[in-house]
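All chains, please: the whole structure from these sequences, using the hints.
Line by line, the protein sequences are chains A and B. First residue of the first sequence? That's 2 in my numbering, and the numbers climb one at a time after it. First residue of the second sequence? That's 41 in my numbering, and the numbers climb one at a time after it.
All the pointers check out, no bait thrown in.
Below, in silico cross-link-like pairs of lysine to aspartate or glutamate (EDC-like), each with a Cα-Cα straight-line distance of 20 Å or less:
{"no.": "1", "chain 1": "A", "residue 1": "LYS67", "chain 2": "A", "residue 2": "ASP53"}
{"no.": "2", "chain 1": "A", "residue 1": "LYS44", "chain 2": "B", "residue 2": "GLU47"}
{"no.": "3", "chain 1": "A", "residue 1": "LYS78", "chain 2": "A", "residue 2": "ASP53"}
{"no.": "4", "chain 1": "A", "residue 1": "LYS44", "chain 2": "B", "residue 2": "ASP127"}
{"no.": "5", "chain 1": "B", "residue 1": "LYS112", "chain 2": "B", "residue 2": "ASP127"}
{"no.": "6", "chain 1": "A", "residue 1": "LYS44", "chain 2": "A", "residue 2": "GLU91"}
{"no.": "7", "chain 1": "B", "residue 1": "LYS112", "chain 2": "B", "residue 2": "GLU47"}
{"no.": "8", "chain 1": "A", "residue 1": "LYS67", "chain 2": "A", "residue 2": "GLU17"}
{"no.": "9", "chain 1": "A", "residue 1": "LYS44", "chain 2": "B", "residue 2": "GLU125"}
I should point out that these hints are in silico values taken from the structure, not numbers from a laboratory.
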Amino acid sequence: QVHLVESGGGVVQPGESLRLSCGVSGFTFSRHNMHWVRQAPGKGLEWVAFSDQNNRGTQQYADSVKGRFSGSRDYSKNMLFLQMNSLRPEDTAVYYCVRDSNYGFDVWGQGTTVIVSS
Amino acid sequence: QTVVTQEPSLSVSPGGTVTLTCGLTSGSVSTNYYPSWYQQTPGQAPRSLIYSTNSRSSGVPDRFSGSILGNKAALTIAGAQADDESDYYCVLFMGSGIWVFGGGTRLTVL
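Below you can see the structure in the form of structure tokens.
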């Protein structure tokens, strides 16, 4: 069975950093693009980052996080990561790890909560 | 900057049919945008309904269908049921690994 499990969320002050992790199981990690999607409290979904399935691990980011967030993969551990630097209060959200299949976001993790507050 | 548009709210009677749309502030949505649709109930992760315009995700009843209507992507729910009351989101592929979600539609079944 396909599972995505996020971890690493927490409460931090503005300007600090966090690293989110997503452990994947039940499918071949190297054959799927992956995404991070977030949802601020009471708000809609926002696409955050894309991780290409290829070995170069090409990344793309939403303008709102470009230059501050950085994604990566560890294929040996079947893990997806999101390094978040220079965090701002508006980054407060539930962050979901999502599998991409045929241009659809077909499997979602349960989410990990990030709170940025002084 | 192009924004993806959705109706903020819609309502449907039990057993009725409703169509939710997903458009662009500039330009038309086509299959090249690989529109997909997601259902979310409070406190839960989103669930995939439709991908690549009109392909149903595993386990999704055929009451849910996707299409292109005019210059927008559309999600049609037929035979609405009480548990269809949810938030619905579309997302469009903008190319080069960039995706943009719409603001979501809150569907009420009453």
